[in-house]
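Colleague: I would like the entire structure built from these sequences, with the hints used as guidance.
Taken in order, these protein sequences are the chains called E and W. Here the first sequence is numbered in the working numbering, starting from 124 and rising by one per residue. Here the second sequence is numbered in the working numbering, starting from 124 and rising by one per residue.
One should not assume that every hint holds.
Partial pick of chain E residues on the chain W-facing surface, computed with a CB cut under 10 Å [what the hints assert, rightly or not]:
#1 Ser128
#2 Ser187
#3 Ser189
#4 Thr219
#5 Asn269
#6 Ala272
#7 Tyr360
#8 Ser379
#9 Pro450
#10 Cys508
In case anyone wonders, no lab produced these hints; they're calculated from the structure. Backbone N, C-alpha and C fix where the C-beta goes; we use that ideal spot for every residue, glycine too.
Here's the letter readout for the chains.
Number of protein chains: 2
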Amino acid sequence: MPRISDRGFRMPASPIRKLAQYAEEAKQRGIDVLHLNIGQPDITTPKHAIDSIKNFSDPYISYSNSAGNLSLRKELVEYYKTNDIDISHKDILITTGGSEAICFAYYSILNYGDEVIVPEPFYSNYYGFTTETGARMIPVRSTIENGFALPEIEEFEKVLTPRTKAIMLCNPNNPTGYVYSRHELERIRDIVLENDLFLICDEVYREFCYDNDHYSVMNLSGIEDNVILVDSFSKRYNVCGIRIGALISRNKEVISTSLKFAQARLSPPSLGQIVAEALLKTPQEYLDKAFEEYKSRRDFVIHELNTIKGVYSPIPKGAFYSIVELPVDNAEKFCQWLLEEFEYKGTTVMLAPGNGFYTGKKLGERQVRLAYVLNKEKLALAVECLKKALEIYPGNLLK
Amino acid sequence: MPRISDRGFRMPASPIRKLAQYAEEAKQRGIDVLHLNIGQPDITTPKHAIDSIKNFSDPYISYSNSAGNLSLRKELVEYYKTNDIDISHKDILITTGGSEAICFAYYSILNYGDEVIVPEPFYSNYYGFTTETGARMIPVRSTIENGFALPEIEEFEKVLTPRTKAIMLCNPNNPTGYVYSRHELERIRDIVLENDLFLICDEVYREFCYDNDHYSVMNLSGIEDNVILVDSFSKRYNVCGIRIGALISRNKEVISTSLKFAQARLSPPSLGQIVAEALLKTPQEYLDKAFEEYKSRRDFVIHELNTIKGVYSPIPKGAFYSIVELPVDNAEKFCQWLLEEFEYKGTTVMLAPGNGFYTGKKLGERQVRLAYVLNKEKLALAVECLKKALEIYPGNLLK
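Modeller: Pasting the structure below:
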């Protein structure tokens, strides 16, 4: 039997999805699983956008332009304008989710063995996409003690090598919920400029900054040609399944190169683009309401978690995740145990083990990523479950 | 400004789409462009499948399972059963078009610098995906004189190296329309077995074999663990825009490895999967009718083309493409000239230059790929245009 590729071996299973089978089995035993492992919220999608596909009247469902529908790209320019980002539709490629935007960016700028510096913990799939590309992800550590603020710029400088090609950020951050300030981003700008790097920033949670305004990397002056923005409709309007995102850059070579990768895969999903274009006509109240809902969930769940003995979560400033430290021997074992051996009131909780958000296996060993994507009633039950579970979990370190 | 990656430089622009801008400009001048460059047919999609999205009633559009909806995978098992292919739903991953299935296969089996042998001319995006993966595509030539039959097995043996990892076929073939016989495939089976290679086969045009039955690589005995099937709904039901395909293998390691890449990109499009599942309930008459339509278009257009002085097309046995030899100095120049400088009855024709379907630039220099995806009335006009165009084209070699 021929061998699987090295990259196939090295490719990590998603920490967010790898316990799915145990959750499935728990459900088959009649247990209600509260999914706090994955950023799949319960907020209703704007109805007019779902209705937009009901009006589909073409005789067949055709390819779109490889760069995405022109009308959608033009509408997006207006969306960015209201977010103080000034770009042309020629700077935009519509992608199959934010995921594909990251892949196109990586293929377009990274040679085999090139290095991308990413603050750790990081969105686990960045590591997957780097592996896919044959490049190397170089972590710089942010710490729970420091609320996952941007690591000191010296930490970036320490890991710079001749192979360093880019810095990748996620702002607001998944999985930490940290929101980088303009000041922090300007420090990144300086190092990008000085070392002629690309700066890729994933801003899919832009609207969900609870304590301060969002500052986009697109507004950092002096590195216009270095910046690649990754975006997505998925979280903003709870349409994860339409698989529509965008790669944005003022660097024309990045766009023309990415377009070649886009042409090879023919086109982004046509039905999703119809929904996406309708979404851009959503009244501001929708996002205001979603913002308030997530903020009040955050306030509630983080407070509750921090009342449990041995549990600690910093206060996430954005997105809808938090990295939570638990008093357990091994968080992955604990997460699996929750699904395989625990129930409370016919319910259990699914969490994403923290180690998948770090490169070193030991790091994040006692941490989980929690997504506050369910309503407060369910979050209250989830916290109650977690408290009961920790009381009886054999590997609780406080025992 | 930081440098684009080497693979970004090397990545070919799609020969099918790279002249799109000239077509756009022709349309802006009021010229009707007959698109025979791209496999985007005009056949109506089954109405019940389009209606299936109109019944969408979930409050939001969520991710699906990374492997695709279980119900869709189970329905696909039945589809394959009626096509004499016996597999389990566990052998299937739903992908974002056949394109993504090819990428997952490549990532899962190819190391940087590994080689994939592909009969030439080939579907141009195979070359793109190989470049994306950092692998090398090694062509073996099939010739127009031989109707693009499978090259002699000695030709494959000649290019085998320690880095050869796979053979890739497309059957029925895009761009040539050739259909590999069981006998030809068994010769491939032997070389695959002897050299412990993977065999990837793209069978998205399975239903469109006009002269003989289709024989699937999934039925080659003795290489069950070596075979990876690429499939797609796009052409079968004219739903190119839903972006739903499949990667199929009985090799559990290929599936589990590809699933890790699938998890990284989260999920295939949810709306497209709804349409796909409805499509599998389409009565057989739909495909019978599409078959008859394409067959009669083939008979018509190939006959007509071969009446033009200096033009030659073999008779394609399947799919809806043909590689056509033209009496021109350079087919790419001619294709561009058709869009920029020619019109007849307010109309012109867009074709895909042949050189993009070969690795060597000189090969295919006088060839184009023509897709007979329009109705016979339009095909007649297209042939008339082509005839008139060749009469006045300055680079006609017969002059």
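Colleague: Compare the structure with each hint and give your call.
Modeller: Do the hints match the structure? See the list:
no. : hint   : in the structure
1   : Ser128 : holds (5 Å)
2   : Ser187 : holds (6 Å)
3   : Ser189 : holds (6 Å)
4   : Thr219 : holds (5 Å)
5   : Asn269 : violated (28 Å)
6   : Ala272 : violated (26 Å)
7   : Tyr360 : holds (8 Å)
8   : Ser379 : holds (9 Å)
9   : Pro450 : violated (29 Å)
10  : Cys508 : violated (23 Å)
The structure is inconsistent with the numbered hints 5, 6, 9, 10, although it conforms to all the rest.
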